[in-house]
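> Just so you know, the protein sequences line up as chains X and U, in that order. Taking full-length UniProt numbering as reference, the numbering of the first sequence is continuous, increasing by one, and the terminal residue is 146. Taking full-length UniProt numbering as reference, the numbering of the second sequence is continuous, increasing by one, and the terminal residue is 188.
It is worth saying that the hints were derived from the structure and are not from the lab. One thing to keep in mind: the hints can contain errors.
[As the list claims (entries may be wrong)] Lysine-lysine pairs mimicking DSS-like chemistry, simulated, CA-CA at most 27 Å apart: (1) U:Lys147 with X:Lys92; (2) X:Lys72 with U:Lys76; (3) X:Lys60 with X:Lys72; (4) U:Lys27 with X:Lys72; (5) U:Lys76 with U:Lys27; (6) X:Lys41 with X:Lys72.
Everything numeric in this text was worked out from a predicted model, so none of it was measured.
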Amino acid sequence: MLLSSAQGRAVVAVSTAEQLGTITAVTLAPSPPHISAVRLKTRGRHGHVMAWSNVHSFGKDALTVRSVEALKPENELGSDEEAHRSHDPLGKPVLVETGECVGTIEDLDFDETDGRIRALFTAEGEIPGDRLIGVGSYAVIVQRPE
Amino acid sequence: MSTYLRAREIREEPVVTLAGEDIAQVKDIVFDPMRGTLTCFTLSGRGLLAGPLKRALLWKKVHALGPDAVMVRDGKALEEDDQAARESIDAPGGGHVIGARMMTEDGTVLGTITDVIIETGKAPQVIGYEVVSTAQTGRTLFLPVIKPSSVSEEMVVVPACTADFSAGDVVGLPAAAEGLRRRLEQET
């Protein structure tokens with residue numbers, strides 16, 4: 001699934017049947033490259049984040065989650081945590097590990113069953129997901145193509 | 001494929017970890033002019049108001065040097081202080097070649113060095129200098145340097161045949177360097 005098509009989708013708690021918010025973005029973690037957390041727009045000024053492990057199902061109309069408790073206010077997260085917004089790849093430059101910039105992340109394709117990253121998209125083209133090494137506050141780092 | 005960069009272009013490049021964090025910015029490049037190898041980088045902090053960072057980045061801790069960033073494995077790559085950088089700068093001929101004159105062994109001044117050209121990649125090498133020519137006033141030349149005869153703060157003395165292998169731009173420099181390498185092999 002493309003992140004751009006998942007953005008704006010409702011997030012619903014299975015346990016309470018409440019709509020908690022909508023998907024705005026994701027954070028990524030390497031080895032193997034996967035979505036570590038989903039960022040949500042919720043009521044109030046600050047958004048919330050939720051670890052991928054709490055995802056119940058990625059449905060056609062909504063993302064269902066196991067429990068409401070798993071949502072954490074975004075501003076309470078330390079920068080060393082996987083779900084911190086510094087690991088959000090959108091809009092960041094892509095650096096090959098050799099120090100060469102190859103574009104800016106515009107979208108990504110992921111497996112909605114396990115959160116695995118299939119591909120990263122820049123204006124210049126597609127980068128296979130398994131080349132991802134890291135996402136930090138400055139850039140997205142990828143391996144050199146074989 | 002190798003890329004060729006001017007030292008000027010590497011200055012102000014960010015130092016980025018493989019986790020994607022920018023931890024410093026290149027202030028200057030310290031290299032060994034006799035061997036043509038990079039020794040270390042001096043650094044400044046990131047951001048508009050950041051001053052110099054008193055920590056050096058040794059070449060052996062660099063993951064790769066590219067046209068857009070200097071890559072390091074993690075924050076531990078930086079030295080605790082800038083002792084190493086100061087030592088290499090103070091070593092004979094370790095300081096500044098920019099502004100020095102380039103002269104051949106037979107006593108002809110080729111020009112004044114304005115920049116250093118570095119071949120990037122896993123083992124970067126200084127392959128030549130950008131020189132403002134003395135003979136053709138104001139013209140910028142690119143001269144390959146493989147084995148300088150001697151280096152001081154004022155002068156870099158090179159084999160006489162270097163003058164035969166100048167290039168008009170950075171792109172032409174690798175071919176000029178290859179030509180010079182062959183000539184030097186023939187002469188020895």
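> Each of the hints needs a verdict: does it hold here or not?
Hints, one by one, checked against the model:
1. U:Lys147 with X:Lys92: violated, 42 Å
2. X:Lys72 with U:Lys76: Measuring from Cα to Cα gives roughly 31 Å; hence the hint is violated.
3. X:Lys60 with X:Lys72: Holds, at roughly 25 Å.
4. U:Lys27 with X:Lys72: violated, 40 Å
5. U:Lys76 with U:Lys27: holds, 19 Å
6. X:Lys41 with X:Lys72: holds, 12 Å
Checked against the numbered hints given earlier, the structure breaks hints 1, 2 and 4 and satisfies all the rest.
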